[in-house]
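Visitor: Protein chains in written order, with our numbering: chain A, 2 to 114; chain B, 17 to 133.
Source of the hints: derived by calculation from the structure; they are not laboratory data. A hint or two may mislead.
[To be verified] Derived lysine to aspartate or glutamate pairs resembling DMTMM-like cross-links, with alpha carbons at most 25 Å apart:
id : chain 1 : residue 1 : chain 2 : residue 2
1  : A       : K101      : B       : E75
2  : A       : K55       : B       : E75
3  : A       : K55       : A       : D32
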Amino acid sequence: DQQVKQNSPSLSVQEGRISILNCDYTNSMFDYFLWYKKYPAEGPTFLISISSIKDKNEDGRFTVFLNKSAKHLSLHIVPSQPGDSAVYFCAASFFTNAGKSTFGDGTTLTVKP
Amino acid sequence: SQTIHQWPATLVQPVGSPLSLECTVEGTSNPNLYWYRQAAGRGLQLLFYSVGIGQISSEVPQNLSASRPQDRQFILSSKKLLLSDSGFYLCAWRDWRLGTLEPGELFFGEGSRLTVL
């Protein structure tokens, strides 16, 4: 049973427009949700996170929204830039041993110039 | 500053051969260390984690093993590789004492691409 799901394997947007990446989870006990960005042949890098007690967290062009009742979170990138093209992973973790994150399968974002 | 290195970056091995992937972390002490695997088109699956020297927890039963012979060294091994062991292996670390870290935030190495033929 996959506890974190990213149902869209890929997303293509025009430069300057908004990118919305979605993630669903099944375990309501998760304490934190994180987004990682990964370029080919590199390790993922942390992008932004949100606590389960919040519904929004913003960092520059990146905003994560959490809807706990729907067990859904989304990452908004505004405006999208070609350098944002990468695979984005959604992950969920608990306070205890917070490094044991459960990851989704990722969404490949392509931002076209 | 902290850094993490993995090697080798790329490995092609025949079925039945042994495996050793190494990961070292610099600039921190007693970090939590993790081995993740990314199969083709899939997300990252946690394989092993370690909270200290000689302390290894396995998350999924498999053909692999892990060891932590030194504080900042984490090794992933296999005695006999299977085709299904192919994938992108990622080592990661986390130091909970760093107050600037987001809960759950991990620092990943560059990854090791393993192809078993």
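Visitor: Taking the hints in turn, state whether each one holds.
Guide: Do the hints match the structure? See the list:
no.	hint	result
1	K101(A) / E75(B)	9 Å, holds
2	K55(A) / E75(B)	29 Å, violated
3	K55(A) / D32(A)	10 Å, holds
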